[in-house]
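Peer 1: Since the structure of chain A is provided, determine the placement of chain B on it from the hints.
In the order they appear, the protein sequences are chains A and B.
To convert, note that position 48 of the first sequence is 47 in numbering that gives the first Met the number 0; the numbers rise steadily by one, no gaps.
To convert, note that position 182 of the second sequence is 181 in numbering that gives the first Met the number 0; the numbers rise steadily by one, no gaps.
Treat the hints as calculated values from the structure; they're not laboratory data.
Here the structure is a predicted model, which is why all the values come from computation and not from measurement.
No residue lacks a Cβ here, since even glycine has one placed at the ideal position from N, Cα and C.
Among the clues, some could well be false.
Derived Cβ-Cβ restraints for the label pairs, each shown as a range [unchecked claim]:
id: 1; chain 1: A; residue 1: 232; chain 2: B; residue 2: 69; range: 16 to 22 Å
id: 2; chain 1: B; residue 1: 36; chain 2: A; residue 2: 155; range: 56 to 62 Å
id: 3; chain 1: A; residue 1: 151; chain 2: B; residue 2: 111; range: 35 to 41 Å
id: 4; chain 1: A; residue 1: 155; chain 2: B; residue 2: 64; range: 55 to 61 Å
id: 5; chain 1: A; residue 1: 109; chain 2: B; residue 2: 69; range: 48 to 54 Å
id: 6; chain 1: A; residue 1: 108; chain 2: B; residue 2: 111; range: 38 to 44 Å
id: 7; chain 1: A; residue 1: 187; chain 2: B; residue 2: 117; range: 34 to 40 Å
id: 8; chain 1: A; residue 1: 140; chain 2: B; residue 2: 65; range: 40 to 46 Å
id: 9; chain 1: B; residue 1: 65; chain 2: A; residue 2: 143; range: 46 to 52 Å
If you want the footprint, here are the derived chain A segments under chain B, 3+ residues with CB under 8 Å [what the hints assert, rightly or not]:
id: 10; segment: 205 to 212
id: 11; segment: 223 to 232
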Amino acid sequence: MTTVPTRPLQSSVAIEDITGLKERSLGQRLLASQPFWVTIALIIICAVMTWDQPHAFATSDNFYNITRNFAFIGIMAVGMTAVILTGGIDLSVGSLMGLVGVVCGLILQAEHHWTLAILAGLLTGAAAGAVNGFLVAYVGLPAFVVTLGMLSAARSFAIVLSENKMIYNFGPWGDTFNAIGGDSTLGIANPVWVLAILALVFGFIFNFTAWGNYLYAIGSNENAARLTGVPVRRVKLQAYIVSGLTAALASVLIVGWQGSAINALGQGYELRVIASTVIGGADLMGGQGGAYGAVIGAALIEVIRNSLLMAGVDANWQGAFVGLFIVLAVLLQRIRGKRSA
Amino acid sequence: MALLELQGIAKHFGAIEALKGIDLSVEAGEVVGLMGDNGAGKSTLVRVIAGNFRPSEGEIRIQGQVKHFHKPVDARAEGIEVVYQDLALCDNLTAAANVFLGRELKRRIGPLKILDYPAMYARVAGLFQELKSETRPRDLVKQMSGGQRQAVAIARTRLSDARIVLMDEPTAAISVRQVAEVLDLIRRLRDKGIAVMLISHRMPDVFSVCDRVVVMRRGTKVADKPVDKTSPEEVTGLITGAIHAV
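Bound conformation, chain A alone (with noise of 0.2 Å):
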């Protein structure tokens, strides 16, 4: 050896001064976490339109309205996030919807049982995202591109499908398939409590379990990700299909209340979904964002929605507001990143 020291002096605090200090607290996760910022201003913009409108706002009827309709972007918001954690964003969710429906709507009107026409819808949703994944992870195509395709496609087999026409003659097994997306339950849509359980089961997985893990993992830093032994390649293929799942689901659901399926159904949709997720906390270059806030997000973008109709805004500027929650929550998001950084 040479005649440099061997034990360096390291600092001037010992390490049980830092070991010893206390880790962040519940509270400072929580102020720390955009999702409670978000539900912040959903209990003001609530607050504030009871007060202005208490016989209109504040009604059991008008809770029921916009947490159904809110549950449909919110399930698919939910599967997205899958997507947005890897660092990957899935456009063709509103598209499959139209094909999902047109699927269900002709099982349906065959005279086929309701369950063969749920099965078939799933099946079709994990099918399509089987190949946006595949695409992705295993082909290497970027995802913009191959969702943007699908999107196109989707639309295109919906359209041919159904020959252009809206399918209502939905056989004698359509009232009990008709029931699961339009009843309620306990006075809740039950979309609401698809939405409330898929929540639950995915803030579970993308916590507590080692697949969770890896959507973040991916998301954060592909190339670590996989030098550690990460299935990288299988977590974004399964994360596509989770996407196109949630996506069929909400179809099913939402051609089950309206009672007929057409083929334009969910377009646009992607956009409100991505949006959701957004607002709710993740980041579109991936590895930050959960289930509660695509919820969260969802509803705010519902409440403004009902709101504004409400207080007599013109129905054409909710595109504005909503736009505008985009980009605050964006900023919001870079200005926690520098205090936190």
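Peer 2: Here is chain B on its own, set in the frame of chain A:
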């Protein structure tokens, strides 16, 4: 018997000879510095040992037994761990999640297998204590200093029973104080009988922590000397080619 022995390792990429007839042996508890200019073949050699590349010629022996690594997992199974130059860390994950990435501890609850956070935090806290690093298991890697990030990457190699740790430029691009921290981490690995191969451009680091220095130039080994039998001047000369192979 040497822990790791390379004999006549060569690697061609088409017509390009990246490595030519490399012989090298590393003993347990030895720190070997691997130096050379850009393109001298250091990284290629590391990748051959780590199982990223298969050698075109030659043999790799671990404790006298010939081994063939087809992929990095094979090398890891033989106790060879790599700390990559960019550290291969995920910024948005905690230190503990990064250390356990790809080999998480799980707990069974009924039919479900969930991540065992308490066990992982405890284990990682123990590793950091062992490395005497001021790093906390629950902190996000993105909030960490360069030295702490190194500690996370090194803690990862301590999870399994690593016998050889390859470190690719661990002290590039970090502050002076953090360099001292990293060199200390290397000494702790050595004290546990682990062999360390340190790839570095920084002469002072190599001379303060290594027992032996290996110099590469244009794909061949031009020197292999104990550090107390050479000098930074001589090594510089060997790297640049001003002094010929000895």
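Peer 1: Mind checking the hinted window 55 to 61 Å against the Cβ distance between residue 155 of chain A and residue 64 of chain B?
Peer 2: At roughly 60 Å between Cβ atoms, residue 64 of chain B and residue 155 of chain A fall inside 55 to 61 Å, so the hint holds.
Peer 1: Determine whether the Cβ-Cβ distance between residue 151 of chain A and residue 111 of chain B falls within the hinted range of 35 to 41 Å.
Peer 2: holds (39 Å)
Peer 1: Please test the hint of 40 to 46 Å on the beta carbon pair from residue 140 of chain A and residue 65 of chain B.
Peer 2: Since residue 140 of chain A and residue 65 of chain B have Cβ atoms about 41 Å apart, the given range 40 to 46 Å holds.
Peer 1: Using the C-beta atoms of residue 108 of chain A and residue 111 of chain B, is the stated range 38 to 44 Å upheld?
Peer 2: Given a distance of about 40 Å, which is inside 38 to 44 Å, the answer is holds.
Peer 1: Could you tell me whether the CB distance from residue 187 of chain A to residue 117 of chain B stays inside 34 to 40 Å?
Peer 2: holds (36 Å)
Peer 1: Falls inside 56 to 62 Å, the C-beta gap from residue 36 of chain B to residue 155 of chain A?
Peer 2: holds (57 Å)
Peer 1: Go ahead and decide if the range 48 to 54 Å is satisfied by the Cβ distance of residue 109 of chain A to residue 69 of chain B.
Peer 2: Taking Cβ atoms as reference, residue 109 of chain A and residue 69 of chain B lie about 52 Å apart, which means the hint holds.
Peer 1: Given a hinted range of 16 to 22 Å, is it respected by the beta-carbon distance of residue 232 of chain A and residue 69 of chain B?
Peer 2: holds (18 Å)
Peer 1: Indicate whether the distance between the beta carbons of residue 65 of chain B and residue 143 of chain A respects the range 46 to 52 Å.
Peer 2: holds (48 Å)
Peer 1: Taking 8 Å as the Cβ threshold, is the statement that the segment 223 to 232 of chain A is covered by chain B upheld or broken by the three-residue rule?
Peer 2: holds (count 6)
Peer 1: Counting residues of the segment 205 to 212 of chain A that have a beta-carbon nearer than 8 Å to any beta-carbon of chain B, does the count reach 3?
Peer 2: The restraint on the segment 205 to 212 of chain A holds, since 4 of its residues have a Cβ under 8 Å from chain B and three suffice.
Hint compliance for this structure: every hint is met.
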